[in-house]
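Generate coordinates for the entire structure from the input sequences, incorporating the hints supplied.
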Amino acid sequence: MLLGVIGLAIGIGLGFVFPGYFPETLSDYMGIMLIACADSIIGGLRARALGEYNDSIFISGFFINALLAAAMTYFGKRINLQLELAAMVVFATRIFQNLAILRRNLLNLNAE
Amino acid sequence: MTNNHYDQTPLPGQDDAVQGEVLSDCPLVVAKEQQKAPPQEPVHTKRPVAFGVFFACILFGFLLSMQFKSVDISSNALTSQQLRAEELQALLNKEREKNQELYEELLRGKDDLSQYREQALQSGDYATILADELARAELAAGFTDVVGPGLIVTMSDSTKNPADTTADPSYYIIHDNDILQVVNELRDAGAEALSINGERLLATSEIRCAGSIVSVNNNRYAAPYVIRAIGDPAAMSSALSMRGGVIDQLSIWDIQVDVQQSEEVLIRAYTGKTTFQYAQEYKDNSSQEKGE
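From first to last, the protein sequence lines stand for chains A and B.
Counted from 1, the first sequence has number 28 at position 28 by the working numbering; the numbering is strictly sequential.
Counted from 1, the second sequence has number 126 at position 126 by the working numbering; the numbering is strictly sequential.
Rather than coming from a laboratory, the hints here were simulated on the basis of the structure.
It is possible that some hints are incorrect.
Chain B side only, calculated, beta carbon under 7 Å to chain A, not exhaustive [stated by the list, open to error]: (1) 57; (2) 65; (3) 66; (4) 69; (5) 70; (6) 211.
All values derive from a computational prediction rather than experimental measurement.
From the three backbone atoms N, C-alpha and C, an ideal C-beta is built for every residue, glycine too.
Given below as structure tokens:
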């Protein structure tokens, strides 16, 4: 958890220091990929809290989910269907679910 | 890790009951059932360091702030374009005022000039001859207002809706070429002075496409174009409207050309600047000896 926060801080700092920015066409995909990444990280934290964490599963899920989300957005654009909405809803729902589980687990541990 | 919801791989020391509880929605039940299982070790003590989460968070944070920046920039770009438009409008207004002032200055200068000329005229015969010559040269060059019989030709874009036709809509608007043709035809028929929308045509005048408008003497004019010509009205009129002539050709595209004959057409003088940067008078003293 602490590592995650430190990593996030480092990442945000790097991002602001880094010169340049995404072109506008890419930023459509970046949005959905960010949600996918956020979902993966929350899921990973949950798994850690439950003690079922596995590095390789986490890393593979992190990248594959993000890429799948971007691919879905692209495919949706090609067939004129807002497929990214489907991905967005799924990811957001899972963020809420995982966060709820994580929250219960943390509160529970503190109570002990 | 998103997949864990589905493919849970319990670590040793954890039984299925614990995971079941945690997934349940009631925190009270969770608390109670965990108390019921005292042999369970605290989960967080034996967790390995998750470098995956660490690096993922770095990447996530990086992408997140990059995306923030990108969205900021693209939304700022819009507002800065609007600001730019306002700025340009202000500049244009200032430039217009300056233009007006310069024009007034020019008119004052012309007044002064004509006064000097009158004074010069009174000073002697030689001055009179020079003044006559100057007047003729100015008439030919287009620096004096001229009046005489002639034509007023009004060209306007087609009224046809371009959506009703399959042809290229640009055929239905007036191009620089169309005006050039008309002017050329008028000159051929003996036009002595010409103006387009009040802009006097000189020997150096251009008639050129400038986007959707036409540039004459480097000033831009939009349709309808009013061409004034001084010359023989009948000759010029028939030159324009002969079969297969300019008007005939333009009527294919429904471009309106209205030709009006008038006994008194007034054409204003050229008011711009004339500086010859490259051309110089050629003085060849031997030309007479060569019998030229």
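### Task
Could you work out which earlier hints the structure fails to respect and list their numbers in ascending sequence?
6
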